[in-house]
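Colleague: Chain residues, written in single-letter form:
4 protein chains.
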Amino acid sequence: VTEISYDSHMHVELIQSTGTDKTIVAAARVSTVGELSADSFAADAPDQTGLINFLMKNRHGTPFEHGLFTFRVRVPIFVMRELHRHRIAFSFNEESGRYKKLDPVFFVPDVDRALIQTGKPGHYVYVPGEPDDTQFVKRSIERNSIQAWNEYNLMLDRGIAKEVARMVLPVNIYSTCYVTCNPRSLMAFLSLRTKSDEAKFPSYPMREIEQMGFQFEDHFSERYPITHEAFCKNGRVSP
Amino acid sequence: VTEISYDSHMHVELIQSTGTDKTIVAAARVSTVGELSADSFAADAPDQTGLINFLMKNRHGTPFEHGLFTFRVRVPIFVMRELHRHRIAFSFNEESGRYKKLDPVFFVPDVDRALIQTGKPGHYVYVPGEPDDTQFVKRSIERNSIQAWNEYNLMLDRGIAKEVARMVLPVNIYSTCYVTCNPRSLMAFLSLRTKSDEAKFPSYPMREIEQMGFQFEDHFSERYPITHEAFCKNGRVSP
Amino acid sequence: VTEISYDSHMHVELIQSTGTDKTIVAAARVSTVGELSADSFAADAPDQTGLINFLMKNRHGTPFEHGLFTFRVRVPIFVMRELHRHRIAFSFNEESGRYKKLDPVFFVPDVDRALIQTGKPGHYVYVPGEPDDTQFVKRSIERNSIQAWNEYNLMLDRGIAKEVARMVLPVNIYSTCYVTCNPRSLMAFLSLRTKSDEAKFPSYPMREIEQMGFQFEDHFSERYPITHEAFCKNGRVSP
Amino acid sequence: VTEISYDSHMHVELIQSTGTDKTIVAAARVSTVGELSADSFAADAPDQTGLINFLMKNRHGTPFEHGLFTFRVRVPIFVMRELHRHRIAFSFNEESGRYKKLDPVFFVPDVDRALIQTGKPGHYVYVPGEPDDTQFVKRSIERNSIQAWNEYNLMLDRGIAKEVARMVLPVNIYSTCYVTCNPRSLMAFLSLRTKSDEAKFPSYPMREIEQMGFQFEDHFSERYPITHEAFCKNGRVSP
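Residue numbers (this note's numbering), protein chains in the order written: chain A, 1 to 239; chain L, 1 to 239; chain R, 1 to 239; chain Y, 1 to 239.
Worth flagging that the hints you see were computed from the coordinates, not collected in a lab.
Among the hints, a few may not be true.
Claimed, not checked - Incomplete in silico selection of chain R near chain A, CB under 8 Å:
| no. | residue |
| --- | --- |
| 1 | G19 |
| 2 | A27 |
| 3 | G34 |
| 4 | S91 |
| 5 | E94 |
| 6 | Y178 |
| 7 | A199 |
| 8 | F201 |
Unchecked claim - Here are the simulated DSSO-like pairs of lysine-lysine, each with C-alpha atoms no more than 30 Å apart in a straight line:
| no. | chain 1 | residue 1 | chain 2 | residue 2 |
| --- | --- | --- | --- | --- |
| 9 | L | K195 | A | K195 |
| 10 | A | K101 | L | K138 |
| 11 | R | K200 | L | K195 |
| 12 | A | K195 | A | K120 |
This structure is a prediction, so every number in the text was calculated from the model and none was measured.
Backbone N, C-alpha and C define an ideal beta-carbon position, used for all residues, glycine too.
Construct the complete structure from the given sequences, taking the supplied hints into account.
Modeller: Right, dumping it as structure tokens:
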């Protein structure tokens, strides 16, 4: 089936964003100075690091909500499923298997993907397998993807509804989604979906969602450098 | 692969619920009588139909939030995916393909499932196909389920991590989930995920999520008969 | 008490916003064209009115979430209280009577404020009173504001905590708040907090929150002209 | 004004609740055992303490959402204002100053209320004042409450709308509200609105909302003893 392609990457594009460290400072200062908080946006506004660090450390979370990131992501369904479990201040619009014929792009792990799981549930650790494990997995997934794609097309060719035909598609098929969140909800996502030695509460995320998360984090640190540093410095706990 | 089984049903069990039509009345009346709203719970509380109908018609939604339903559902992943898109006042805990080996139960459409899609996106209508379409779909899905289940086991037997091996599983495999919502969020769900001639805003749900929705609705109408009747009577618009 | 001032206006400033009608179209089209939805942002993207109108009419709400408005509002506490009841996709940071001495600015109704309430609860209509009713109300509110401001200062001068001293302040004192929402949550607000002959579900908002709402709406219609027109044309029902 | 009364207490009544420690265990176990999680409800279900402690410590929050508490609270508006800032999984219906004449019950601090604020914003500490400070505050608040109540009645007697007349009422007047939340959102509330030496992230709540919070907590610990103990033992961090 020559039209099938395989991919091992999580694709993230930033569509739009708004808000800066100054927005957070202004929103926080309204509690103590009211209207005068407007001066937080001035070019010569005083240093903001101390206040942002204070907010982060003491978990005053609401000032971190006055901003937005919209990403377009292209990831396999097994990653999308985890992404869609984030409900608070997350918005989604995804490609629909009911409305369109899906594209024949399937995820396969690359050689860097640790394939063996050790440890207890909730604390799984993943380690590399035998040298040819990656090939074994790759061949199995490819066989399966081809089989599923063929069955999908057999049904579509007969005129079966897309929403029925897609029942055969495996969760490693790629899908596209617009994702909008705010800095606070993004930090909540990062605290759960990335693993870091700096984390006060350790997480054990699936590698693929973490790869997407790190790309979110790059955009976050670029747009909100002070906030991002305070997040890391204070144990990557969402405020 | 004798261990595989096929299913065409959506399974819903009510685990717990709380709140009645009287709770809604009490919560609504607090705005006009304050503390005295406590008498709404009395055995001889006056008729509640008029007030509930007024709330529903005029979309005063908050009084419908003081209650809860917890369901345990067992449905295919392609239904679970739609279910998990409901974020507001919905809570979920689902079986994990990272933590457990999934069970070999796969969805196949039964003979009553219309297989042919007509009309435009957003207004699809489904009609029955040719006499042997159901058999065609069934065989295709079964072949695919067996293939996927075999590949899954091949990888697991080799010691590949469950979260990797499961990448071959198709979206018609069943999963189990606890779902909690309140009467208002349940009505929002029903307004979108069921089709009814009474609906002021027509919906075009996928049949399988609608089958789950009707079971939710049965529990709802049993526990909140007055509210359910007002919901239907006022165009099935979530208040 | 010469430092006291009176105000009859609701003050709204737009701090930041992002997203346009094109964002909504791109997010909606991802369901039917996947990745290709990116072309919705192109300069020569086809007409968007039809699709936005379709989404609004059929209550496909999620595409309207990929945008943001941040306002700074200065309104009396009795308006702030209603504003803060909006929970979904609304973020707030408000001036604190615990952390700062409040400013002596108090609301008084102007001559255009209808003062007499007729009709039944839930359907109140407000009509102008006798010619000197406005003066009567104004004098009463001014006497009360002065008295409260004096008591507040008496306690503060003695060293009593701000959070205790402020207990005497009436709900017509002004406060400042940053408010962030998205186009969908803004429409939900407008559908409830403004009165319009175009509305499919009539609302009976308090005049002062409506005055704030109309200012929100001006910013909305300027930034999202197609969406705003579709909102009005389809009965001002939040999608 | 003999009809006025004063109160120094926060009133909390439990209206309904559902869910137990077993519900949490069942919802958590679905991820690892699927359907078999149903046996978590059995009379002889194995010890749950270990699992709940694990969930709490590692911040697996969703299993704590499948339950509900509905309280009716009667507290002053300055407390209600803080309560209403909790948006996630909180539902409210409150007495309305637009729809009913409010009751003449006003808050005054009792002798145990520390009246002097020291320390920096965000870390305020409250200490008792001079012996007659309480009397001073009490007299000031009483004068103010009487004045406001008189102006309110003057306007009402003239036929001025309730929503206008109430503008003179101070934030220490009592109001009644139905409040619904789940165990997780309740813990988020408690972590922010109570002060405890056990807390990993210290909070500096206003005394009156803390008094309400402790009453919520009593109902919580009675209904969910294992969960409550795990909450305290793990630093009162909401999972």
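Colleague: Output the numbers, in ascending order, of every earlier hint that fails for this structure.
Modeller: Numbers 7, 8, 9 - these are the hints that the structure violates, sorted from lowest upward.
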